[in-house]
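A.B. asks: Sequence:
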Amino acid sequence: MNFFLEAKKSSRGVVKSFRCKGSPYSLSRFHSPLLSSSSQKNPPCRCDMADIVVFGSIVQDLISYANRFPRPGESIRGKSFEAGCGGKGANQAAQIGRLGGKVIMIGRVGNDIFGPLNIENLNKSGVITDFIERSDTAGTATATVTVTDDGENSIVVALGANMEIPPSRAEQLESVISRAKLVLCQYEIDHSTLKRTFEIAKKHNVRTFFNFAPGTSDFDKSLLKLVDILSTNENETEFLTGSRLTCIEDVVRASKSMLRFGPSIAVTTLGAKGVVVVTKAGTATHIPVPRVKAIDTTGAGDSFCGSLAYLLVARPNLPIEEQVRRASLIASVSVQRKGTQVSFPWAHELPEDFLN
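Sequential numbering of the sequence shown, starting at 1, is according to the UniProt record's numbering.
No lab work stands behind these hints: they were computed from the structure.
Heads up, the beta-carbon is just placed ideally off N, CA and C, and yes, glycines get one too.
Some hints could be false.
Taking lysine to aspartate or glutamate pairs in the DMTMM-like style, the calculated list, with each CA pair at most 20 Å apart, reads [as the list claims (entries may be wrong)]:
| no. | residue 1 | residue 2 |
| --- | --- | --- |
| 1 | Lys256 | Glu238 |
| 2 | Lys202 | Asp218 |
| 3 | Lys280 | Glu249 |
| 4 | Lys203 | Glu238 |
| 5 | Lys203 | Asp51 |
| 6 | Lys225 | Glu238 |
Here are the simulated distance ranges between beta carbons [to be verified]:
| no. | residue 1 | residue 2 | range |
| --- | --- | --- | --- |
| 7 | Ile248 | Glu120 | 38 to 48 Å |
| 8 | Lys203 | Ile76 | 52 to 62 Å |
| 9 | Ala284 | Asn356 | 24 to 34 Å |
Make a model of the complete structure from these sequences and hints.
C.D. replies: See below:
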């Protein structure tokens with residue numbers, strides 16, 4: 001008997017439930033032509049089509065809604081369930097693609113039912129997925145989320161196949177990286193792989209953009225010598241500088257101090273309080289963000305980073321402050337909708353002269 005997966009989706013395109021037909025014991029046999037095995041050769045290169053390379057994470061979100069959190073050892077009934085596509089790398093690539101950017105995603109998923117769902121979603125957003133590998137030894141990364149009635153959540157993330165990507169993968173794809181105008185990475189893959197990716201980019205004079213998320217206090221800051229544009233939030237800025245941020249002036253001082261590590265531009269996002277941009281040219285600007293009624297802020301930072309990456313390439317003559325302002329406006333659209341990648345706006349939903 002053949003096995004296949006049916007994914008029931010909501011009107012927003014979010015997978016609401018799964019139904020398996022055929023043998024329930026043969027998940028490891030599920031295979032999609034969208035995926036290349038890590039032991040197989042890459043498909044014919046379409047890298048000449050891409051201006052931006054995103055080297056990062058792909059994560060399957062599994063979200064249960066319940067009245068409250070279960071106590072240790074307790075099972076409770078949930079109210080509903082949703083599955084969606086996530087991962088900071090994939091999210092940012094999806095936003096670039098939805099804006100019309102020519103973007104390649106480099107990453108790794110498992111040989112399981114979640115890999116094809118995430119690949120398909122990226123394809124629908126216009127992302128080139130030829131260089132996403134399939135692991136035979138680790139599963140697709142998952143984020144198991146419980147959300148309670150009061151909006152609180154608990155999350156367990158298993159990074160799975162993302163953490164298997166070795167530095168040699170960047171070396172194998174040097175020709176892809178060298179053709180790009182910008183390489184964008186986050187901190188959901190191994191540090192040594194990040195470093196090698198940025199080294200190769202700098203070798204070919206490709207601009208580097210690092211979103212230090214999720215941040216950690218033990219991060220090796222020597223990596224930042226290879227970074228041109230650094231994006232952090234308040235907590236991540238505190239991790240890098242050791243400074244406590246209590247006001248905008250504190251953020252400006254801390255952002256300036258981050259430039260000493262290597263970047264020429266530091267962008268610090270402050271949620272509803274706006275964004276601070278400092279440059280090695282000596283400028284420091286606080287950019288307010290529009291006030292909107294937020295429904296779901298999940299992925300807003302990724303929408304911002306993806307939008308900024310797109311604008312850095314598509315509108316290089318704009319001042320960085322204007323690029324950041326526009327990226328903030330795009331991200332403000334995403335928080336007015338539920339979901340992560342499905343909430344990210346398309347180019348046609350924005351003012352006609354906003355992107356071009």
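A.B. asks: Now look at each hint and say whether the structure bears it out.
C.D. replies: Hint by hint, here is what the structure shows:
no., hint, verdict
1, Lys256 / Glu238, "holds, 13 Å"
2, Lys202 / Asp218, "violated, 24 Å"
3, Lys280 / Glu249, "holds, 17 Å"
4, Lys203 / Glu238, "violated, 30 Å"
5, Lys203 / Asp51, "holds, 17 Å"
6, Lys225 / Glu238, "holds, 19 Å"
7, Ile248 / Glu120: 38 to 48 Å, "holds, 42 Å"
8, Lys203 / Ile76: 52 to 62 Å, "holds, 54 Å"
9, Ala284 / Asn356: 24 to 34 Å, "holds, 29 Å"
Comparing the model with each earlier hint shows violations of hints 2, 4; every other hint is respected.
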